[in-house]
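Given the sequences, and given the hints that come with them, work out the whole structure.
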Amino acid sequence: ERASGGFGEDRAKQSKTTDSRSELCGRRMTTSSKREKGNISGSTSLLAGSTSAIAVSVVTQPFDVARTMMQRDPRLHSESRSMTMLSSWKEIARKDGWIGLWRGHIPTAFRVGLGAGMYFAVLNKLTVFISPSSQGSVIDSGLSPTTNFCLGFAARSLVSGLLLPLTVVKTRLEAGHFTSGPRSGVVSAVQTIFRMEGWTAFFRGALPTVLRDAPFSGIYLALYSCFRAALC
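The numbering of the sequence shown is my numbering, which starts it at 1 and goes up by one.
What the hints contain is simulated information worked out from the structure, not anything from laboratory work.
Even for Gly, the Cβ is constructed at its ideal location relative to N, Cα and C.
It is possible that part of the hints are untrue.
As the list claims (entries may be wrong) - Label-pair distances were calculated between CB atoms; the ranges are:
#1 Phe194 with Ser82: 18 to 26 Å
#2 Ala201 with Arg67: 32 to 40 Å
#3 Ala201 with Leu231: 41 to 49 Å
#4 Arg67 with Thr146: 31 to 39 Å
#5 Pro208 with Ser144: 26 to 34 Å
#6 Ile99 with Ala229: 42 to 50 Å
#7 Ala229 with Arg204: 18 to 26 Å
#8 Phe194 with Leu158: 22 to 30 Å
#9 Thr44 with Arg204: 52 to 60 Å
#10 Leu207 with Ser82: 44 to 52 Å
#11 Ser87 with Tyr224: 36 to 44 Å
#12 Gln71 with Phe194: 18 to 26 Å
Here it is as structure tokens:
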């Protein structure tokens, strides 16, 4: 009976040991799976950022067009003095039809889509370079707010400078400079600007653009990481 009892205890111990090993193995597999899922590639960041930004730009383009109309120089456009958002929409619809509310949407989609995609892709690469253990996720990188500010500032500076020509074309189209006649459309706008003003016109306003966008992105990323860490 004692031998039988001892044998039973040994089997119980072995069973517990096996269960513990299985549980430990399961935890390791779960952790490994989470790490694999959390490994964000640059191409994934580019695709996700571009797709979401393009969708938002299409929806909000009429508001961007109205803003541009309302901010025109009143000395050249006297109607801008008393123009509201609704009156600007009515004016655009009267001249170009309701489709005119989306004028400039092609360069806007390219600028915003490429801008967001490139920003997240560059941010991903910079984060991996500074913190390889982060696996490309700046949110879970554990970097300091100062480092996150620098990452956001650097990524946005590069992207804003590269995409400035699209910003110039977008602004000209939204202002109604190339919306009618034989010289309408994105291609004609690019050709006209290049022929009459030279290639430097596509980078006009580069410094204020970078000084506006880069600090915003840096501060936004730094504050977001701080608040997220505090709340989680």
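Outcome of the hint check:
| no. | hint | in the structure |
| --- | --- | --- |
| 1 | Phe194 with Ser82: 18 to 26 Å | violated, 36 Å |
| 2 | Ala201 with Arg67: 32 to 40 Å | violated, 22 Å |
| 3 | Ala201 with Leu231: 41 to 49 Å | holds, 46 Å |
| 4 | Arg67 with Thr146: 31 to 39 Å | holds, 34 Å |
| 5 | Pro208 with Ser144: 26 to 34 Å | holds, 29 Å |
| 6 | Ile99 with Ala229: 42 to 50 Å | holds, 46 Å |
| 7 | Ala229 with Arg204: 18 to 26 Å | violated, 40 Å |
| 8 | Phe194 with Leu158: 22 to 30 Å | holds, 24 Å |
| 9 | Thr44 with Arg204: 52 to 60 Å | violated, 34 Å |
| 10 | Leu207 with Ser82: 44 to 52 Å | violated, 33 Å |
| 11 | Ser87 with Tyr224: 36 to 44 Å | holds, 37 Å |
| 12 | Gln71 with Phe194: 18 to 26 Å | holds, 25 Å |
Of the hints listed earlier, those the structure fails to meet are numbers 1, 2, 7, 9, 10, in rising order.
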